[in-house]
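Protein sequence lines, in the order shown, are assigned to chains G and P. Its first residue numbered 11, the first sequence is counted upward by one per residue in the numbering used here. Its first residue numbered 27, the second sequence is counted upward by one per residue in the numbering used here.
Think of the hints as simulated: they come from the structure by calculation, not from any bench. If you're wondering where the values come from, they're calculated on a predicted model, not measured in any experiment. You may find that some hints are simply not true.
[Said to hold, decoys possible] For the chain P half of the interface with chain G, some residues (derived, Cβ under 8 Å), not all of them:
(1) A88
(2) R99
(3) W107
(4) G237
(5) A245
(6) L253
(7) S258
(8) L262
(9) M281
(10) F288
Ideal placement from N, C-alpha and C gives every residue a C-beta, glycine not left out.
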Amino acid sequence: MKAKLLALLVLLPGTALAAEGGTIKDDTTLRAAPAGKALGPLTEGVLVDVGQRDGGWYEVTLTDGRSGWVRMMDVRLNEQSDDDSLFGGLLSWLNSGPQRTHSGTTTAGIRGLSAEDIQSSGNQDPQTVDDLAAFRVDASEARSFAASHGLESHPVDELED
Amino acid sequence: MKAIVSLRFSIMLLAVLLASCQTIDLNQITSVTASLGDAVSLKGEEEEQEVGAQAANVLLGAAEVVEDEDLQRYVNRVGHWVALHSDRPELPWTFAVLNDGDINAFAAPGGYVFITAGLLARMRSEAELAGVLGHEIGHVTEKHHLKAIRKEARLKIAGVLAAAALESEGHDSDRYVALADGAKTIYTRGLDRGDEYEADRIGVVLAARAGYDPYGLPAVLQTLDSLNADSSALALMTATHPAPQSRLEKLDKAMSAQTGQFAGGKSGSKRFRAEMTRLTR
Chain G
11 MKAKLLALLV LLPGTALAAE GGTIKDDTTL RAAPAGKALG PLTEGVLVDV
61 GQRDGGWYEV TLTDGRSGWV RMMDVRLNEQ SDDDSLFGGL LSWLNSGPQR
111 THSGTTTAGI RGLSAEDIQS SGNQDPQTVD DLAAFRVDAS EARSFAASHG
161 LESHPVDELE D
Chain P
27 MKAIVSLRFS IMLLAVLLAS CQTIDLNQIT SVTASLGDAV SLKGEEEEQE
77 VGAQAANVLL GAAEVVEDED LQRYVNRVGH WVALHSDRPE LPWTFAVLND
127 GDINAFAAPG GYVFITAGLL ARMRSEAELA GVLGHEIGHV TEKHHLKAIR
177 KEARLKIAGV LAAAALESEG HDSDRYVALA DGAKTIYTRG LDRGDEYEAD
227 RIGVVLAARA GYDPYGLPAV LQTLDSLNAD SSALALMTAT HPAPQSRLEK
277 LDKAMSAQTG QFAGGKSGSK RFRAEMTRLT R
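Looking at chain G on its own, in the form it has when it is part of the complex:
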């Protein structure tokens, strides 16, 4: 099983969307940099190629060749099917994994956590839940993980509804 997981994880794109298609969903502004100088307006419905993301900003390229940055929330990523995405290999692996036996209804090659699987979930050995403790880390391990990767705590207010 591990070998299969690896194979699919190698397929991860890792970087932000390799030029994925997007559509401007609200009138917005093309900028020279994230929150930078305005280059011009972009109207709803304009198609863009979406490159890297920097915080709340996407780098985009227009069909006329112009490029710049736009608020990510003003972009909607175009629909992609699982098949034509970079994840295709991963997904086919996940779909071809070992069959479930607990639900009693194994369907040809398709795996997935459905409502039926949950409804028919049998009573597991309580040990199954206890076994998760082996993965657990304590607060000090979490803190040293963060410190070794330069993650620092910041005061941030709760978001209002």
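Using the hints, position chain P against chain G.
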């Protein structure tokens, strides 16, 4: 005068009798309610852990965990670090990756958080992972599932009206069955939409407090929005959550009010990739 007093006395007596009748009835009702209450709730954190174990058990009966300790510990490190910035840093936070291709994540009371391999595989950075784990952590700290599962379990018990049965020897097992059934209902029907929106807001804030780029959760929601809505990998997620577009619109509105606090933060995309490729060794 005497007649009036006598009448008054009679009325008072009647009132007292009525009141005592009501008291008896109320006592009976209260007693039934109390036994129902005892059956499924309110012994503090210990009870929360018990409900959480039952709920986690239901999920583990439906999907196995990925047998890769490196991956599991990595997710636990990120998750616990994020959880340390929540209102309940002291919970025994336990994260697990489920070996499942569908796109989903689940929380169970007491500090359990599950994420499917299918969702993990569609992420691009540790900030995205932190945002999703932060959303689930929010469900735990706000006790969304705990309240919903208890309510379901009470309804189920009341349905059979097992006040007597509850006091018999079958008490514990009846209670466990009711809690497990309640968990199944909640995981397949979903929480209230308001709970999901609240967990989104908490997820963004916790990721930001933990030093991550807070737009990781919105980025994941955009990915979900871009997937074919009819995809079977999204079936349960779609059935139990508001549409990604509405979640994005709500987050955009909330985050726009305090953009200044959301500048910067680490994406951890290189590390995320490294952690994933490390698995190939």
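Hint check results:
1. A88: holds (4 Å)
2. R99: Result: holds, 6 Å to nearest chain G Cβ.
3. W107: With a closest approach of 4 Å, the P/W107 hint holds.
4. G237: Because about 4 Å separates P/G237 from the closest Cβ in chain G, which is inside the 8 Å limit, the hint holds.
5. A245: This interface hint holds because 6 Å falls under the 8 Å limit.
6. L253: holds (7 Å)
7. S258: Result: holds, 6 Å to nearest chain G Cβ.
8. L262: holds (6 Å)
9. M281: With Cβ-Cβ at 7 Å, under 8 Å, it holds.
10. F288: holds (7 Å)
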